Structures are given as structure tokens and as C-alpha cells.
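Novice: Each chain, letter by letter, is given below.
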Amino acid sequence: MKPQVPAVDPKRAEAVFEDAKPRYTVQQAKVEANRCLYCHDAPCIKACPTDINIPEFIRKIGTGNVQGAARTILESNVLGTSCARVCPVEVLCVGDCVHNLQGVPPIQIGKLQRFATDAAMDAGWQFFEAGKDTGKSVGLVGAGPASLAAAHRLRRFGHKVTIYEKGNTLGGLNTTGVAPYKLKADASLAEVEWILSIGGIEIVSNVEVPTQLSWAELEKKHDALFLGLGLGADSWLDVPGKQLAGVRGAVDFIAELKAKPVDLSAVKHAVVVGGGNTAIDAVRELLVLKAKKVGALESVTMVYRGTEAGMSGYVHEWAYAKEEGAQVSWQAQPIAFEGKDRVTGLRCTRLDAAKKPIAGTDFTVPADLVLLAVGQAKLGALVAGLAGVKVDKGVIVTDEAGATGRPGVYAGGDCRNGGKEVVNAAGEGRDAAEAIDAFFKAGGRRG
Amino acid sequence: MVDLTTNCAGIVSPNPFWLASAPPANSGAQIQRAFEAGWGGAVWKTLGQPIQNVSSRFGAVGYRGTAAVGFNNIELITDRPLEVNFREIYETKKKFPKHAVVVSLMVETEAEWKEIIARAEDAGADGLELNFGCPHGMCERGMGSAVGQEPKVNERITGWVMKYAKKPVLVKLTPNVSDILPHGMAAKRGGANGVSLINTIKSIIGVDLDTFTPMPVVAGQSTNGGYCGSAVRPIALHMVGALARHREFGLPISGIGGVTNWRDAVEFLLLGASNVQVCTEVMLRGYRIVEDMIEGLSQYMEEKGFKSVQDMVGKAVPRFSEWGNLDMNYETVAKIDAAKCIGCQLCLVACHDGAHQCIHPSKDSAVRVPVVDEAECVGCNLCQIVCPVDGCITMAKVENGFPPASWNEHLSQGAKLRPKKGAH
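These protein sequence lines are chains F and V, in that order. For the first sequence, numbering that gives the first Met the number 0 assigns the number 0 to the initial residue and increments by one for each residue that follows. For the second sequence, numbering that gives the first Met the number 0 assigns the number 0 to the initial residue and increments by one for each residue that follows.
No lab work stands behind these hints, which were simulated from the structure alone. Misleading hints may appear alongside valid ones.
Using 25 Å as the maximum straight-line C-alpha spacing, the simulated DSS-like pairs for lysine-lysine come out as follows [unchecked claim]:
| id | chain 1 | residue 1 | chain 2 | residue 2 |
| --- | --- | --- | --- | --- |
| 1 | F | K135 | F | K181 |
| 2 | V | K92 | F | K45 |
| 3 | F | K110 | F | K20 |
| 4 | V | K94 | F | K45 |
| 5 | F | K355 | F | K389 |
| 6 | F | K259 | F | K181 |
Given the structure is predicted, the values throughout are model-derived calculations rather than measurements.
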């Protein structure tokens, strides 16, 4: 039976967002494809965490072989459709395009990839078949990009695959967390549907591991496990007023606006705390909602403890945010949320270069909504029941292929890398599937 | 500004840029606009018994996103009444007395030639061009390239023309021959004042993959057309050069074939053409391209110290020889400028797959600049050709101690040749 991909709410807040980088027309794609030098042993491939053969797929677009282009992309990365839109290409493939070295605009690889993969999704081109049944079974925990990439590759090898998802949606942060001007939930779910169309990927939703389904049970049912657990809930600031209404986690808020309507009728001033990519995403998303006159938004301010040069978010993303009208308070440390029941302001103090508070510099930023983008909880006790699986600084320790210290248990994605890009998760999931297959072929048995 | 006045076989024009006999030179209104834009002369689209054309008429080959590196057509000679053409020739000459108006002609019998020559000269033509080159439509009727491919017929008809013509006569040669020399010599024996070449090359421009029809498509069918445009320039240069360097030929040449800009024009002049004619690039970009042609040529002449166009005609001819006279001991190797290299490694893959396997990746995997094995490099130039960075790869001369020696000298005098490279 074909697994059901959940529907999206047409009235969800993200519906008003427009594509930041719309799909190329055939003409645009041709012109751009023909600029590619078709490098040998290309730097762009090396910069891609899923080593997509970029010059090859671009050449195929240039010759009108769009189907072949899509196959080349998806062969390396079954999440190539979402990655085309959400990858920070500026610091990956595009950043390493040799054109940069002679002051020529680099090839717009992401846009070309989107051109080919969107065509594949639209037409429903199928390139891959499930392998002959091997009798082996793999359980994957979490239905995000890492597990999906692993599941697809495992099915090509002929292994049975079951994905366990604690929620009721599929696609992980691709569906619930990516900025809507890059990728909307429906596009993510269409990609999930395409991935599942290889057949034989069983989905078990609304089951939390290990509380509702123990590790022992999972290990009994499957010959190997893949952990694609993602990260935990938004981290919180332990300062007075932290329980006030209107103080929210950024990831939680973004998930809401991607799934349903949001009520911002009482929010004139929004503040985002943090300096990473989630903070910038939240700022940019609020700015879109302001521009679209959703609610009463008048200002969007980022409050960050460090300096502009020291922020961990991508430079190119922050440049967009500034263009779009983001306000910012650098070297500011929140010390309290002000307000009675609802938050009305964020009390801050200035920090010096060593991030030490400067006495007498307290000030209040008016805020009817404060989004906390100060990190997500790492894995704690979640994998405690799996002896041999080590957790270091909140992430699962694996070898390069994704094997944990426990035979037959592999991990990939945010729970392993601490929160990187979709493309990293896709690569780690794929490679872990290869490792699991090798483990089976080597007659691997769990200890 | 330098003087660009040009004389080709006695036909004088303010600059060496003429429109070739083709759609851009179809009517008086067009040619007058071209003269206003700066063109020095025009060869009127071939006059003869007006024909009827088909739809469609043109096709093009693109390459990696460039729309028309090559072009072809199945259009015939003029389809407009002769009296209209002659009236417009008269009007054009009246408005532009200093510009060259050459009239291209194509008829069958001696009587027809006699009559049409008289009418063209009466209308004010500065010269005549005999269309012995058209490779489609007209040749099946015994004209065009059917004449140009038979030296005897060429000579006979040229002889007829020379009996009646008072103005200079250029014979337009077809490239659809294995050797251009006998055809140029036939025109000379017929008494022509000069030749113009090349006409278009017999071609099929492409095939429609969906309808299985060659192009250009005419009601589900096609036919051979005349190939032209930038892609044919090397063929034209070769044929112009072959005539220019032939000791007994000696007639002025009007160079045609893939001239798109002033650089292309200079190449023709250096290989022995007295002027150039342009069609395809005008069809693709309009008469306005002549502004850059005039400026570019003028600047080039000033830079090189040429006082007149004639000064540069044939400058490259002495350096065009047969293979057997080339210096076998001249040795070059590729040098890659690491400071300019962007690491695309196109040179590496080209050398490995298409040449002599002597460009290798750096031993340091962090370095993308490839390494040339100079002991193996045969100096073929392929790497330089594929390199996307101007001046990054140069071919450097190697001092190998062997005095110059050609293959002919080796055979006839036993001249010593350097050891072969890359032949193991």
C-alpha cells in the first residue's frame, strides 16, 4: 500500500510567500547552462556534500536532455529537488565555481538544478527501481531528509524499510522548517511522495521512539537501524519573564507558519534573538509577513550578542535581510522579557567585545513577539537505551560512513552533525545506506 | 583617420566593406540605407530572369548557445522585375556616386548576357559580378555553380561577358570544387578583371528530429542549400589564399565568406583579398555592424602603420606554404601561467582524451593548476584552444639545437630532423 503523504492547509501563513529564486524558464536555463565550462574533476562537485556530477547535468540541460539532467542529480541525491532551492550554494558549489576566479559571475547551479528536478517532479519521471528483496529489514527513526535519503537507497538495494515518525508529517524540517521563500511545505511533500514512489517504504507515524516503541523492540524487528532523529526543541533563555505569552521558539514559530495561519494582529514589533541562520530566516520571514501586511507588523529587529562580523549566519543571507529592512541591535544581551501576561518588550544590556555586560547600558526593545533562535536542544537521554551509541556534545558519534559504536546502528543528519544543511543530511543518509548494505553483505550481525 | 579608399579590380569604394550579393542587397532602399550606415559598396542581388521563391528559405546551426555560427539559404536570385532593379540602381548611384554599386548577373545565353550587361551598365553599375557560384536551385537550371564547376564553361561565358562589358568584371567562384585554382585560372583566361569568392557551400543545415525532415522545411520537404556564416570563413580563407599565392593567377580578389567583423576582414586582406563582402552577419545583426568594422580597421591600420588598405593586402601570403616546407625542427611546448589559471582543467581532459596525454593533475591535490610534462608535450595547441582564460596557456619555443629543416629538405638533402616526441 502506498503511504499517505499528508495534505497541506491552503490557508497556512506561508502561502503568501513568493519564491526568492523562481524557476528558470527553458530559455533562461539554456543560456545559463551554456555558460558552464564543463570543468574536469570540477570544484563544484567537490563542494557538494552529495557529490552531484554538476557539469554533466548542466551539459545535459544545454543539449535539451532535461530528463538525463534530472537523473544525474537524483542519482547522487534523491533530495536534489529541495536541495536545489534550500542549499546555501553561495558557500558550496556556486562559491567554488571557477568563474569566480576570473571575475565572471559563477554558474547559477542551484537554479539549473531546480529547473531539471522540478521538471522531473512535474512529469513524475521515475529513474530508480527497488532491488530484488534481500530479506533484510532496516528501521529508520525520523522521517526527515536523512532517513528519506537512506530509505530510498536501501530500497534500491532490495532491503525492507520502515520509517518511524513521531509526528504526523513527512520530510522533517524540509516540510516544517525551511524558509517558505525557498521551499514551501507542499513542494517538500511532493518530493517526499516522489521518493516514496520507489515503493516498499513503510511509514509508521505518530510513534515516538523510545517512549512508545522501545529500542529493544526496534532491534528485534529489524536487522539494522538508522537514526535520523534531528534536533530537539528550541532552546530557551533563562531570564525573568520567560513564561510570558508572545515569547516563542523560532523553530516552533516557523513550523506553525508553514502549517497553518498565524495570528499577528496584536504584534506591531517583532524581535528575533540570535545570530545564526535560523535567526536570519525568522527575521526574513517576519519581514515578508510585514510586507504582505499579515497582522499589524511594523518592525522586525534582530538582537544578537556578537558583532556583525561574528554572526554565525551566512553573510549572503544577512545581506538579503538587511536589504529587506531588518533592524538590528548588535552586542546586545537579553536580560528580561517585559510585560504582564504578554510580552511588551525585551530588556537588554550591551556587551563589550569579550561579550561581557557593560554596566549602565540597559535598554528596552519594544516587542509584542520574541522569537528565540538561540539553538535547539541536542540529544540527551533519547539514545541512552542503545548501549554503545556514544553521544558527544549532544550529537551521535559515528565513523565517516555513519556507523555508531553499536553494530548495525547508523546515524545521519542533524542528530549526527549538530544541525547542518539538508544536503548534508541527504549525503549522510545515502552513505549510511551504502554502509548498511555493506554491513549486510559482509554477513554483519549485531553483537 | 586613415584613408580606407579601396580599389578592387578597378572598382573604387570609400572603404573595403561591401554588401555581398544577397538578401541585404535586394533593393535600392536597402542598399541606400546600408550606404548611409557606412558601407563602401554593394553587390546588387543577382539579376536574371526573376524567379519565385519558397517558404521557408533560411536555416542556421547553433553551437553551445550561439544561435547561428553557420547559416544556409535556399533563396534564389532576384524575384523583382528587372526594370525595377535597374531603376533603383540608377537612383542609388545618383544619390551615392562615390559608393561602389556592382551588379551581380546570372543568365544563360550569350544574347541574354549581352542585353543584361548593357542594361546594368546603362543603369550606372560600377562593375559586374558573374554569379557562377550559387549551389542551389539555379545550378539545376544550368547556371550558378553548374558554370563555376566547369572551367571550360566558366571561361567561355566569361569570354562572352568580356566582349560586351565596359566596366570591370568579377567572376564569383564556387567553393564546391576540390581545387579552386583551375576555376580561378579559367576566369582569368576568360578575361575577367578579378574574382570574388567564396559563394556558398552545398549543405544540409540540419534535420528536424520530430518530423524527420531536413531543414529548412518546405511543406514537409527540403533541399540542399548554400552554407555561409562565420563557420565557413576558414574554407574561404584557404581558397582566397590558394589563389593569392599562385604565381600565375595575379588577379584582384574580393574576399567573401564568414566575415563578421573587422578582424575577419583583416584576415582576408592579409591573405590577399583587396576588399571583403559581407552578407550573413548583416542578416543577423543589421547594417549597423559596419561602424565597428570601419573603426576597428582604421585603428588596426594606424597601429600597424599601414597608409592604405592596399598596403596590407597579401601580407600573410608569403607565410602560407605547403606542409612539406614547414620547419620540422621548430619545437614548442605548452606553458600554463599558474597566476592566471582558474583550475577548470579543460586542458587536462582535452590533452588526455584528444591529444597526447602530457598534461597531468598536480601531485598536490590542493592545487588545481595542471602540470605539463614538457618532455612529452608535442606542441599541438589543443590545451591553449580549450583554455577559457586569455593568455593563460602559451606555446613556448624550445631551443633544441637543431637548425631549421623541412620535410622536403629532409627528403631532397637529407636535412637532419629532431627526434619525434610523443610517438611511443
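Novice: Against each hint, give a clear statement of whether it holds in the structure.
Specialist: Here's how the hints hold up against the structure:
1. With a C-alpha separation of about 37 Å, the suggested pairing of K135(F) with K181(F) is violated against the 25 Å cut-off.
2. Taking the CA atoms of K92(V) and K45(F), the gap is about 66 Å. The hint is violated against a cut of 25 Å.
3. Restraint check for K110(F) and K20(F): satisfied, since their Cα atoms lie roughly 7 Å apart, inside the 25 Å limit.
4. Distance restraint check for K94(V) and K45(F): the Cα-Cα separation of roughly 66 Å exceeds the 25 Å cut-off, and the hinted pair is therefore not satisfied.
5. Of the pairs offered as hints, the one joining K355(F) and K389(F) is violated, with about 34 Å between alpha carbons and a cut-off of 25 Å exceeded.
6. With a CA separation close to 18 Å, the supplied pair K259(F) and K181(F) stays within the 25 Å bound.
Violated hints for the displayed structure, listed by number in ascending order: 1, 2, 4 and 5.
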